[in-house]
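**Q** Residue numbers (my numbering), protein chains in the order written: chain H, 1 to 388; chain P, 1001 to 1360; chain L, 2001 to 2360; chain D, 3001 to 3317; chain V, 4001 to 4300.
In short, the hints are calculated from the structure, not lab data.
What you were told as hints is all true, and nothing was included just to trick you.
Taking lysine-lysine pairs in the PhoX-like style, the calculated list, with each CA pair at most 20 Å apart, reads:
(1) H:Lys332 / H:Lys257
(2) L:Lys2167 / P:Lys1167
(3) P:Lys1167 / L:Lys2208
(4) V:Lys4195 / V:Lys4103
(5) L:Lys2318 / P:Lys1177
(6) H:Lys152 / H:Lys217
(7) P:Lys1318 / L:Lys2177
(8) P:Lys1182 / L:Lys2318
(9) H:Lys127 / H:Lys234
(10) P:Lys1208 / L:Lys2167
(11) V:Lys4206 / L:Lys2101
(12) V:Lys4103 / D:Lys3304
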Amino acid sequence: TDLEVTHWWTSGGEAAAVAELAKAFDATGNKWVDGAIAGSGDIARPIMIGRITGGDPMGATQFNHGRQAEELVQAGLMRDFTELAEKEGWTKLIHPKSLLDGCTLDGKIYCVPVNIHSQQWLWLSNKAFADAGVAVPKNWDEFVAAAPALEKAGIVPLAIGQQPWQTTLAFQVILVALAGPETFQKVFGDKDATLAAGPELAKVFAAADQARNMSAKSNVQEWNQATSMVISGKAGGQIMGDWAQGEFQVAGQVAGKDYTCLPGLGVNEIISTGGDAFYFPKQTDPEKAKAQEALASVMLSPATQVAFNLKKGSLPVRGDVDLNAANDCMKKGLEILAKGNIIPAPDQLMSADGVTQINDLFVEFFANKELSAEDAQKRFAEIIAAAD
Amino acid sequence: MTSVVVKDVSLSFGAYDVLKQLNLDVPEGEFLVLLGPSGCGKSTLLNCIAGLLDVSDGQIFIKGKNVTWEEPKDRGIGMVFQSYALYPQMTVEGNLSFGLKTAGMARDEISTRVARASEILQIEPLLKRKPAALSGGQRQRVAIGRALVRDVDVFLFDEPLSNLDAKLRSELRVEIKRLHQKLANTMIYVTHDQIEAMTLADRIAVMKGGVIQQLDAPQVIYNKPVNRFVAGFLGSPGMNFLDGEVEGGAVPAFGIAGTKIPLDRYGFDHVAAPGKAVLGIRPEHVALGDAASTMPFSAEIGVELVEPMGSDTLVWTKLGGQSFAFRVEAERHISRGDRLCIGFDPARASLFDGQSGKRI
Amino acid sequence: MTSVVVKDVSLSFGAYDVLKQLNLDVPEGEFLVLLGPSGCGKSTLLNCIAGLLDVSDGQIFIKGKNVTWEEPKDRGIGMVFQSYALYPQMTVEGNLSFGLKTAGMARDEISTRVARASEILQIEPLLKRKPAALSGGQRQRVAIGRALVRDVDVFLFDEPLSNLDAKLRSELRVEIKRLHQKLANTMIYVTHDQIEAMTLADRIAVMKGGVIQQLDAPQVIYNKPVNRFVAGFLGSPGMNFLDGEVEGGAVPAFGIAGTKIPLDRYGFDHVAAPGKAVLGIRPEHVALGDAASTMPFSAEIGVELVEPMGSDTLVWTKLGGQSFAFRVEAERHISRGDRLCIGFDPARASLFDGQSGKRI
Amino acid sequence: MVEQVFRAVPDMAAVAPATSRASGLVGPSGPRPRRTFSRRNIFIYGTLFVVAIYYLLPLYVMVVTSLKGMPEIRLGNIFSPPVEITFEPWVKAWSTACTGLNCDGLSRGFWNSVRITVPSVFLSIAIASVNGYALANWRFKGAEIFFTVLVVGAFIPYQVMLYPVVIVLREIGLYGSLWGLVLVHTIFGMPILTLLFRNYFASLPEELFKAARVDGAGFWTIYLRIMLPMSLPIFVVAVILQVTGIWNDFLFGVVYTKPDTYPMTVQLNNIVNAVQGVKEYNVNMAATLLTGLVPLVIYFVSGKLFVRGIAAGAVKG
Amino acid sequence: MTPMHAGRPFRLFRNLNAKIASIPMILTALVIFVGGTAWTVFYSFTNSKLLPRASFVGFDQYERLWATPRWLVAVENLAIYGVCTLVFSLVIGFLLAALMDQKIRFENTFRTIFLYPFALSFIVTGLAWQWILNPNFGIQQVVRNLGWESFTFDPLYNADIVIYGILIAGLWQGTGLIMCLMLAGLRGIDGDIWKAARVDGIPTWKTYVFIVIPMMRPVLVTTLVIIASGIVKVYDLVVAQTSGGPGIASEVPAKYVYNYMFLAQNLGQGFAASTMMLLSVVIVVVPWAYLEFGGKRRHG
Ligand SMILES: Nc1ncnc2c1ncn2[C@@H]1O[C@H](COP(=O)(O)OP(=O)(O)OP(=O)(O)O)[C@@H](O)[C@H]1O
Ligand SMILES: Nc1ncnc2c1ncn2[C@@H]1O[C@H](COP(=O)(O)OP(=O)(O)OP(=O)(O)O)[C@@H](O)[C@H]1O
Ligand SMILES: [Mg+2]
Ligand SMILES: [Mg+2]
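In isolation and in its complexed conformation, chain H is listed as follows:
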């Protein structure tokens, strides 16, 4: 049966990963109809939601699991997979458990997590630092210290794309690294506005200010263009989730040799366990419904998990798969995961509305030098206070 699957994985590494899912699904005798929407989740999500609410749902669709699809589930537009989950024992398979929590509403499971993405990575170009004649930094402070040397060598110290979510990501990563996971949880999870306005966050904002100065010359839009600057040595580093690794792989670079990764900016080795999940809008055609189940199972099968996540540069959602093929960075991630140094992803903590407002703030902050760190913090606190 043909099943249309929409997603926004169109960069090189992502496309290669999707191909693995498609291959696995096609092998079940069904057919993966690819519905890629380029740009980013920001462009794709409205279209997906429009399709679902408009009564022409696709077979399956990617969302960042968390609260993005919450209302669609509440409105009864999504298929309940509890039965299948119980049959296949997802609760046991999936590790960490919080992943499945993101898919659960009122005790029912509505989505299939396919990978774990962590945001807290600093990717460094070994070549850039060699060109600038400084050692590859081991943590954020060293990185900041090395920035002037990079600049002198005509290298942009920090590459950040102009898409709003990238700026927010950079901020959040800095926050977790410098202020610790509890603060993160309190600010984003508990919406603690006092804390958000407090001195601890001021430190973070000051660091973000530094980051923005270091990234002033990176005139790129997409995250993978920023990554490509790092790959080519035009930029010293990039704060980006582990999906950036896919790009390094496509470019044939080897972790440790060509590039270096610092989880938690080398300060606080903690990763967030967000990720992508697939939701299955309710279908009238029983054939399609069967295909949906097939897809759900195949997505969680160990083989697919390995193949997919290797290409994508993300971590598998089951703890029981063998990832010998994984590279350095991935292994670092797995270790941290195993240690349980994890925090939930911001998408799971905050509604899209709040996320958008924060995106708006940081994209402005990173582009507009006139917006001081103090003012930005004040506005940040206000948003946190009003967020739900």
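Since the structure of chain H is already known, use the hints to place chains P, L, D and V with the ligands on it.
**A** Below, chains P, L, D and V with the ligands alone, put in the same frame as chain H:
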């Protein structure tokens, strides 16, 4: 038998009343001309009769049948428009037969009718041409033909000649008159050209502001206009109007600036009440020289301006300080500054009330 | 002294020659009318004189100065357009003074001139209004005023009255004539209305196809047209044309379908060569009844159609099988089918060559 | 400006009296002499030329870039003509550029665009012309009110209407289908087209319409037999406006279709935004040009008719 | 006459065909425009998130809207962009039309050149200009390569002037049509006016400024409507050129609406912004539309 009856018809566009409780009876076979200045509602009335405008009030009968709410095509009328309104993309033949085809008439019946109409109007050689390839006069003939083939009882003409030049206009005028004599249909003809009205009409209805001022035979309207408006509207050069006062007494007279015009020979409509009045006299009713002195009224005047018009000449002077024109034959040599004796017969004049403008 | 001289002027639009080696002398103070059918090049000639079109060849002199290459504003002309061409967003006063202001004239001089022009044209009360708030006649007056304030030697009018209705037209005609008498400027006036031409002109130039056919005083043109075109163009109702043959012999005569009209009293331009010819006689030169029998030629005819025109009546008949109209006074009661005796004096007729149409 | 140019004329006349013909005319004669390189002409043509360059520049850059290889582009001068002309980017843009797993470039979008554009243009023009005709000739009570609403609707940003339209389409079960999109284009094309047609039909002589009614023709007969044959100019304008508008539409195309029915603009956006490694500017430009080709050709072919039709339908109010 | 209104048909059925034929228009007007608008306004008073829900929060959404820097930037940008587009489109369009009206040669060629951008979508326009204005490849780099090292022209990357960078592309796309409209208007002016002005000795520029332009009112109105309706809708161009960046410097209201409705999944906020846009449209357009279509009637 009456052919068209308009009964108490009113029509307004929004708050603006164009026709006001208008009544009109047209006997069968009559050539009725609606004459009036621009904007007086002539076309509106014609459109009401044709069914192209919905009346606000009143009724319309054609051949005794109440057609107030009928579609135009069911009223038994044919209409000819000022701009010809030929269908530009069809040949002349197509133009003539369009209505018949629409009505689903049989082929050979259509061709018989088209042949007949084009013979009457002598447009046979044009049948295969498109309107763009016709001269103004030919177009107008085709437009008439289109009404003709419909074989209707009543023809409506809305200023059919006013887009043509003077020469063609007078030619086609004669043709229309001949056509009426041949067909003997009822025809209602709108124009604001008084010459057309005079030459064509059995009766003329002079309209102003949506009201019929006078409805009568052309000569009556010309010679005995019921009010000053009608008097002024007909005739070119127009009637001379002299402002003055009717003086009662044994011999009623009309006084202007020292001059007195006796009115004993004037046929008063009703008893003359003294007061402000206007005396109207047509330029061609003014006699000159010897003939003038035999007239009941005569005066000596100075010539101000001479307008030779070819066939005759118009002479402008002042009478009692007011502008006054009269017509003489073209042979007469008169020039500016001449002093002449003129005279006229008040019996041929018209006298209007100073206030209401009504004929006294 | 000549005011405007047009010397050998030609003008073509692409391959199409509108004016062909045209010559024209206008003496100072003359009122010259250019008369001709639509498209004959009247406006084109006027525009050449005004400098609004570049001549293809030839020269133009105004007041003895060669202005062929001058800008319109430097030619000492004022022009009045058919569509008035008033500047719609300016008041009447603005319209009158805009040109003067642009020329940098002193304020008080401007107001003097505007005051004078508006007094002459009696548009003082309108000075503050915009053109949209004026009637047609008032607009035309303002348009004339705009030419007037320029204080020029030559006025050019391009069909200034043809957008007005008949009544207004005859009124303004008189005003223009008066204006000319007052100012005594040279005026060149384009029209295709022969009545206007007859009444206004000192001389008329009748044009056809870019060539002046005849240039003479109105009466001469009316009574002695040089060719059939001119004869037919002037006069309404038009001249009657009878096709026939000139027969030589002791007493030359004109033969149509059995009837012979003696031509001994006709003033031949040159010796009559026998052959096909056309006899033209104006409807008002035909006598009726007793008067007819005293005429050199008379005949009995049957009345086909009667057109009462108010002031007089047009009667259509056939003479020698050809359509023939004549004019009688309105009082005469004639109806269709009557048989009458008519007659005319061939001395007042015009005879044209059958081929060339030239007067014989 | 004009004035100054002509003021130079008398001097010229002084030197060139000999130009007058043998007929013995003395002094200026014949047409005014005009220099080809008068200041006026230099100003006019100079300005037009400069402006024309501004208008042509992007097209030039797009064409040139699309014919270069990536190495050449990285060298940097966007204005320099290609050293080595390559049609690779065009081929790639048309048939092999990838979005996600689909690597068939714009070709698929092209046929989708055709399948969307043709019925949309047809339907929207058919409906709008009948509306315009009804408004201009068969005025009935209230018609003007609806029309005013419609015209005000032309100003409403489409984003505002996206959601309500989703609901409407869902309710009538057309969401996601080709016909749903056709309907959306018809709806949003209606205000401006109706305005155009109404103005145009109102400028046709009303007597023609009356004559046809007297001849017994009804609403549809008059429309089909009398009005349509006379409306070529406005139909040309409408077709051009709609074809370009619908062909170029992105928002509706992306919101109301699904991947197999994506129009070309959406494919274009996908190709341009689905960056794999470095941005392939040459492919992007080729894709851009390919997408714009259809409307461009239409404009180049029928620009003259367009201008004439605009004069007939838009200017009269 | 006994039956005074005999045969008078039921009002609704007169011109029945015309009414039937107008149903699509009426439906569009009522359901889509009126209905959609009312629906939007209604839900702008709720706190609908991803799906519309009738839970009212009064004017909260509006208060939040006007406290949001992004919205304020968007409104300011729209004002700048609108005024500039209006002024420059009219001025450039008119100047070009006036030049084209000088009986020039190659008129068709020039007209085609000026008009062709109109055939391209905003997406295409945006991409082309993004490429030309890109500091690393475009004009800036070309000039620098020529030796002027300090030359800086990167409007799309400079938050202060980014809106003008968008304007350049917008004008490029739209002025051709304006020129065509103006040209049609110029050609529609009675030739006698020009002649009268020449006889009066009025210089060309003065004739244009004082006489011709005031006479072109109807064309100007049409043009204004076309430009204005384009301004309010500006969206694709911004998305294609800058995606609202750098930062939020080139945000426009339409984009704000779209983003909040679909990205932020805060329909209420999006609807509130829509309603503000609608309000401004209504304030400008309704009086005009009433005058133009509602008030007076055509002569018949
Ligand atoms: N559709 C309409 N809406 C409003 N007013 C109208 C309409 N049609 C005509 N009128 C007005 O009604 C009046 C009469 O118009 P009508 O066309 O009947 O005049 P008319 O006597 O035929 O004039 P003309 O000689 O100029 O044709 C005019 O004042 C006109 O302005
Ligand atoms: N700009 C032009 N280009 C080409 N032909 C022209 C132009 N202007 C006028 N003509 C042609 O020149 C001829 C003379 O035109 P002109 O306007 O002088 O006629 P007219 O005698 O004034 O006619 P009317 O009485 O209709 O005003 C006409 O056949 C016309 O078609
Ligand atoms: Mg009328
Ligand atoms: Mg003329």
